[in-house]
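> So the protein lines, in turn, are chains H and A. Just so we're aligned: the first sequence equals residues 1 to 185 in our numbering. Just so we're aligned: the second sequence equals residues 1 to 257 in our numbering.
Be a bit skeptical, because a hint or two may be false.
Stated by the list, open to error - Here's a subset of chain A near chain H, in silico, CB distances under 10 Å, partners left out:
| # | residue |
| --- | --- |
| 1 | Glu10 |
| 2 | Leu13 |
| 3 | Asp60 |
| 4 | Pro62 |
| 5 | Leu73 |
| 6 | Glu76 |
What the hints assert, rightly or not - Far from chain H, by Cβ distances over 12 Å, these chain A residues were calculated:
| # | residue |
| --- | --- |
| 7 | Ala15 |
| 8 | Pro23 |
| 9 | Leu33 |
| 10 | Ile130 |
| 11 | Asp140 |
| 12 | Lys150 |
| 13 | Asp165 |
| 14 | Pro185 |
| 15 | Gln212 |
| 16 | Arg245 |
If you are wondering where the hints come from, they were derived from the structure by calculation, not from laboratory data. Keep in mind the model is a prediction, meaning the values are calculated, not measured. Beta carbons are placed, not taken as given, at the ideal position from N, Cα and C, and that holds for glycine.
Each chain, written out:
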Amino acid sequence: MSVVVVQNKDERAAFDEVFLPHLPEAYRLAQWLAGNASDAEDIVQEAALRAFRGIKNFGAVNARAWSLTIVRNTAFSWLTKNKPRTVVFLNDLSAAEQQELEYEGLHGARIETPEEIALFKADAEEVQKALAQLPVQFREVIVLREINQMNYRDIAEITNAPIGTVMSRLSRGRQLLMALLGDRR
Amino acid sequence: MVASLRDNDELQLNAYCDGELDPVSANEFERRLANEASLKARHARLLSLRQAVRSLPQFDVPATLQARIKSSLDAERSSNVTVLRQRRWSLQALAAAAVFGAVISSSVMMTIEQYGQREGVANQVVAGHIRSLLAPQPFDIASSDRHTVKPWFTARLPVSPQVPDLAAQGFALLGGRVDVVGQDPVATIIYKHAAHTLSLTTLRPGQSVSEQTIAGYNVRSWSDADFSYIAVSDLPSTDLATFQRAFSAAAPAPEIK
């Protein structure tokens, strides 16, 4: 028995070392994905428990990406289970809609972002609203990039998507955001 | 005006702003940026969008969340301990039996363990190689210039190996990456021979493994004073032997002063 308890202590220490330092970032990501504070707290708590149970599988490579991956996946399963109506996942759309959303703005018809909209004033409330309106797959890459300041490689790992998809989602998401902000004035 | 933009300009522009273009492409892109007004306008707009998003107020972790997490982990732990307590008797018996067994077989076990650890190393190195082949590119730093690869390793690892370019011997230097073996980040140098990729992982000395085939990849291993080397490739083992000779000849261990 003593052996196992020691091991448990080690797991706790490992958890404290691997997951806890990224709690602020984890919470920020969860809040952006969930859209409100109380859901974000539930998500992060569940993610913490998952991280603790899986701490043995942590490969000592990138604690930050590992922790945020768990948070991201927990957020998605949590939202699907508890708030299925509030989140539009790309997978819920028809193939044509998906195609349009993911690619059209890049390779086909461009989203109209007239060049008169030259610069965006940092009106926090508007920006926050627009970002919250983006489909979650676009929102998550923008949040990971701009708020968490992750590089493409880590974003690809966290969102479980190829780097090319991350690039096109970022580009497309930013265009959508510009279009949304442009419409407001 | 919009239509004149190339299709992947938008992607390039984004990658440039995110600092994800390699130096050469970034340079090229900057030249275009200086000359094309429309691209320049888009660049400025993207930066202002970024500024707007980055200056959003950050959500702060509620003070209670860490305590909530702590207590949920405590609950998890105590439920584990309860389960174990029910099994305590059998664990004690097991422990007693283990003491006898341990005395007899400790030397055998040590040997087996060491062997197991070493073969574990080979497996991890091969796994690193396979993973790298599945990734968009098998290296973290792409360069056929050893003066680029070596400093890249030096900046990341406590010890870094010689990085000879063996193009003349048929093994062209492709680049380097950092693998993780056990808990340690280690330098892996990537070479190309015909259409085959070869990963050369460098470990602390005394960790060489036996010649073997894992998951269809040939493994060849040797040591010098500074490193143990494990070469992994789908090349036939004779080619790996050729590689070893070429590498050892080109990368003599620095003299010990």
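> If a hint holds in the structure, say so; if it does not, say that too.
Against the structure, the hints:
| no. | hint | verdict |
| --- | --- | --- |
| 1 | Glu10 | holds, 5 Å |
| 2 | Leu13 | holds, 8 Å |
| 3 | Asp60 | holds, 7 Å |
| 4 | Pro62 | holds, 6 Å |
| 5 | Leu73 | holds, 5 Å |
| 6 | Glu76 | holds, 7 Å |
| 7 | Ala15 | violated, 6 Å |
| 8 | Pro23 | holds, 15 Å |
| 9 | Leu33 | holds, 15 Å |
| 10 | Ile130 | holds, 15 Å |
| 11 | Asp140 | violated, 9 Å |
| 12 | Lys150 | holds, 22 Å |
| 13 | Asp165 | holds, 26 Å |
| 14 | Pro185 | violated, 8 Å |
| 15 | Gln212 | holds, 23 Å |
| 16 | Arg245 | holds, 33 Å |
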